[in-house]
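Engineer: Single-letter residue listing:
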Amino acid sequence: MSEHDAPDPRSLGMEPEDLDGHTIEELADYLDRGRSPADPSIEQSAGCRIALDALERLRVLTPELLAADTAAEPPPEESWVQDILAGIALDARAGRRIPIAAPAPNTDLGITEGAVRGLIRAAEHTVPGVLVGRCRLDGDVTVPGEPVRVRVDVSVPYGEPIPDLVQRLREEISRRLTAHTTLDVTGIDITVHDVRRQSSPAEEDR
Amino acid sequence: MTESADRELAADIEAAVRVVPGVTAVFRAGGLLSKALVAGAQLLGIGDEEASLVRVVRAPDGIRVEVAIGVHSAAGAVATAHRVQAAIDALGAAHGASLAGVHVTVVHVDDTVERGASP
Chain A
0 MSEHDAPDPR
10 SLGMEPEDLD
20 GHTIEELADY
30 LDRGRSPADP
40 SIEQSAGCRI
50 ALDALERLRV
60 LTPELLAADT
70 AAEPPPEESW
80 VQDILAGIAL
90 DARAGRRIPI
100 AAPAPNTDLG
110 ITEGAVRGLI
120 RAAEHTVPGV
130 LVGRCRLDGD
140 VTVPGEPVRV
150 RVDVSVPYGE
160 PIPDLVQRLR
170 EEISRRLTAH
180 TTLDVTGIDI
190 TVHDVRRQSS
200 PAEEDR
Chain B
0 MTESADRELA
10 ADIEAAVRVV
20 PGVTAVFRAG
30 GLLSKALVAG
40 AQLLGIGDEE
50 ASLVRVVRAP
60 DGIRVEVAIG
70 VHSAAGAVAT
80 AHRVQAAIDA
90 LGAAHGASLA
100 GVHVTVVHVD
110 DTVERGASP
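Chains A and B supply the protein sequences, listed in that same order.
Heads up: the first sequence runs through residues 0 to 205, numbered per numbering that gives the first Met the number 0.
Heads up: the second sequence runs through residues 0 to 118, numbered per numbering that gives the first Met the number 0.
Keep in mind that the hints were calculated from the coordinates and are not lab data.
Check the hints yourself; a few may be wrong.
As the list claims (entries may be wrong) - Now the stretches of chain B that chain A is said to cover, found in silico as 3 or more residues with beta-carbon under 8 Å:
| no. | segment |
| --- | --- |
| 1 | 76-83 |
| 2 | 98-104 |
What the hints assert, rightly or not - If you only want the chain B side, here are some residues facing chain A, beta carbon under 10 Å, derived:
| no. | residue |
| --- | --- |
| 3 | S3 |
| 4 | E13 |
| 5 | V18 |
| 6 | A50 |
| 7 | A89 |
| 8 | D110 |
Note that this is a predicted model, so its numbers are computed, not measured.
Glycine included, each C-beta is placed from N, C-alpha and C at the ideal position.
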């Protein structure tokens, strides 16, 4: 990740404690070093692990997308990297604690909102080319049985049928929410925020 | 139950939780403030670096256990949290401890394991 791509964490609405004192830049450097030597203060931080997962997926796609962005005219109004990093930073926040239905009265099971946003974002790798930007859980997720709507902004590659991409992503998100939560999800709203032009081999040869 | 017994119980619970199918990691349990205090104490060299990541708190009605875990994506957070709760209950019974509350929070869902990459 270049200096240009890495925004000031404060501009992402992120506080140091969200990443247990680390920054997105430090995590990107850590990934560059192959997560070696292992840093316990990063590996033992749930926020850092959520951010690392997303940064790792983003890094795989970055060269192709940067090439497409460079080729595109006029330049996009808002950097997609900035938008996606903002979403990753939000994911790193634990957020609200979402109860999981428990079998015993003395038991209190739950999952953090940050973990849920992270698993929703990870659905993108089952639909190649789709990138998840911001993700929100609307509704009182802290109360069992309350209706919750999931709202996701995505970026899609040009040339792919959007309804098909969106449907596949919605199905994957639904499958994940069923496996990892006991939320009453009443809808998954996916907004295509950006259509990215893919650079063709002919363009790359120029 | 003594403080050393509490520490032993916490260590045993951490070890038991780590081997529950679907668990990828155990994270430090507790709120932001308590975690910051532990980290600060360790930095100053006055904390116990061997202290368990599991919190065991004695309350008037019994022992309360607090655990934060990471789970494999393929295993599912709901199923894994249930297995962790069952493992803690079984361990509490083996220790003869009356568990007034078991608090399990999934803080990370690990997709890299599912894709075959290093966790």
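Engineer: Evaluate each hint against the coordinates.
Structural biologist: Each hint tested on the structure:
1. 76-83: holds (count 5)
2. 98-104: Holds, because 7 residues of the segment 98-104 of chain B bring their Cβ atoms closer than 8 Å to Cβ atoms of chain A.
3. S3: Violated: closest Cβ of chain A sits about 24 Å from S3 of chain B, beyond 10 Å.
4. E13: 13 Å, violated
5. V18: 18 Å, violated
6. A50: 13 Å, violated
7. A89: Violated. Min distance 12 Å.
8. D110: Holds, because the Cβ-Cβ distance from D110 of chain B to chain A comes to roughly 4 Å (cut-off 10 Å).
Hints 3, 4, 5, 6, 7, counting from the list given before, are not met by this structure.
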